[in-house]
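Here the protein sequences line up with chains A and B, keeping their order. Sequential numbering of the first sequence, starting at -10, is according to my numbering. Sequential numbering of the second sequence, starting at 62, is according to my numbering.
If you're looking for bench data, these hints aren't it; they were derived computationally from the structure. Values in this document were obtained by computation on a predicted structure and should not be read as measured data. Ideal Cβ positions, reconstructed from N, Cα and C, are used throughout, including at glycine. Please note that a few of the clues may not be correct.
[Claimed, not checked] Straight line, CA to CA, 30 Å or less: simulated DSSO-like cross-link-like pairs of lysine-lysine:
1. A:LYS214 with A:LYS114
2. A:LYS214 with B:LYS363
3. A:LYS20 with A:LYS51
4. A:LYS170 with B:LYS367
5. A:LYS118 with B:LYS363
6. A:LYS51 with B:LYS215
7. A:LYS214 with B:LYS367
8. A:LYS52 with B:LYS215
9. B:LYS215 with A:LYS114
10. B:LYS363 with A:LYS114
11. B:LYS126 with B:LYS215
12. A:LYS152 with A:LYS170
13. A:LYS152 with B:LYS215
14. B:LYS367 with A:LYS118
15. A:LYS52 with A:LYS68
16. A:LYS118 with A:LYS51
17. B:LYS298 with A:LYS52
[To be verified] Example chain B residues on the side facing chain A (calculated, C-beta under 7 Å, incomplete):
18. TYR172
19. ILE227
20. GLN264
21. MET267
22. LEU279
23. ILE283
24. LEU291
[As the list claims (entries may be wrong)] Only part of the chain A face toward chain B is listed, based on derived beta-carbon distances under 10 Å:
25. LEU130
26. LEU288
27. VAL298
28. PHE300
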Amino acid sequence: MANHAAEAIASATDVPEVKTRKPSFLGTVRKYWIFYLMMLPALVILFFNNYLPMFGILIAFKKVNYQIGIWDSPWVGFKNFEYLFLTKDAWIITRNTLAYNALFIVLNLVFPLAFAILLNELRSKFMAKLHQSIMFLPYILSYVVISYLVYGFISPEHGYLNKTLFPLLGIEEINWYFEQKVWPWILPIINTWKNMGYYAVIYLAAIVGLDDELYEAATIDGANKWQQMTRITVPLLTPIITIMTLLQIGRIFNADFGLFYLVTRDSGVLFPVTNVIDTYVYRTFLTVGDVGMSSAAGLLQSVVGFVLVYFSNWVVRRINSENALF
Amino acid sequence: MEAAVNAKPKAKLSGANPKNILPAWAQWSVNIVFILYSLLCIIPIVLLVMVSFSSEDVVMREGYKFIPSVFDTSAYDFLFEDFRQVARSYGITVSVTVIGTVLSMVMVAMYAYPISRRDFPHARFFTFIVFFTMLFGGGLVPWYLVYVQLLHLKDTLWVLIMPLLIPAFWVLVTRTFFATSVPSAVLESARIDGAGEVRIFFQIVMPLSLPVLATVALFQTITYWNDWFLSLVYITKNENVSIQYLMYKTMQNVQYLAQNSQAMQALQQAGAYVRFPAETMRMAMAVVGIGPIVLAYPFFQKYFIKGLTVGAVKG
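Given only the sequences and the hints, what does the whole structure look like? Please build it.
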């Protein structure tokens, strides 16, 4: 396996069993007490940061009243979900989240993979490294910074596109932050641009790890570059491609909050094409203050996301168990 | 180990098989594609910097330009007029980043080591505990309520640190590194020589695992430095915001900087009509905010890229 990420995750759940006879629980604790102590700080953080909120999803079935406390608030069954689905937002945010993320998954596979294959063909090692480094830069910038960079180009009053490029080309000015139809283009472009370096590096590492002899043999047999790519490189990369894709499918219900909130400048006119589950939960909870509806949306997000990753993993395991996550 | 990682790309990129290389024209086309794409990655930052050095009048008239017709540093003059908010935000970001990264690295390693040990019967269970956090989460609302209602951490420094301390992904990567790159024979002989587990961990495992520890530290540094979401959710006091959040607020409303500047307020109260270079100052704020990371990037980018392939030893 050429990549640590794939290896780390693929092997996450298969620690070989101990060969000796199974010791008693207390015996283990006595022998390895120091290990539990070492893990304690992280366990405390995981408990408060991850596991306690998991039980907190029950809030979605309550009518929260801060006066009497969260746990004493009355249970209301599926009322919060009913309210949520009565709004037209429920459909919009689900559609947007799924459609954008599905598109992102495809783009984050096709372009970085193509770039990695091309980078590997460059003879100048210096140029290949230089391109790789520059391509990686957007990945380490925060979405706050990226929202500035985008604003520089598409600011309606002063942006480079409206004030310099469009007059030059004779295109009419666009009021970007009020124009719904441009955002289904802008958001995928920015997402691909930001993640290109990360995925290209991962795929390149996998390509570099492939056995040279395969290509030598293929050349002797008269295979051209295209045939080598489609018959050797891509098939051999299937495990890493599957794992990277599975990881993203697992998060298909979790939108990139920064992209959808900051880059769009939280513009209300754009909500039909930019509102996703994450931004909706944030706005209904912290701006509007509606705990019930936002936690209902949050619960749906968690549960459906989990079911999706479990299901896609199951499908992959049916096809080839070695490529499955768990 | 590093040699092993580097050796392969060298062999490949220099064309180990001279017959199987693209012809010169194709080499050039590929190069040109990448040069154009690289420009696409840098140009937006160049535009930002150029606007910050433009004169406000010209920007109002002609829009943002790559080559400003009038150079002007008044945006920075205004920004540095009262530097306290920027300095304070920088201080918060730097402290959070340093404390968070160090704590995170140590805690991740201390968790990853036991679950990397094949002889530890509960390794599987504790691996699952951390792996599961990648698959399922409670969502924003309960997560918020835990920190605010239960732990009462709103508006503290700790709330900017704690949520990002244990990234499951890096725990698993570190665990794999421990399991594959620290020879168990070394651990065995240390045990025979009478070293305790703690000593083995700190004196043998940690020094042998510097590549992966450095990677975790590097990625956590970026995570903490780039974080604005925790400030958005948990910080309500203006003066306690991180530099990223300050940039976000400036983006929304450049007057935000003026509100917190006593010098600016004094000027306004004195009745002077202050012509505030809003557009250029906004960009100057962004430049001050991203400056360190972009300047440092050339020096640490190779560790990033190496870090992503840190487990590539196995080939």
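Hint by hint, which ones does this structure get wrong, listed from lowest number up?
Hints 3, 4, 9, 11, 13, 16, 20, 21, 22, 24, 28 contradicted; others consistent.
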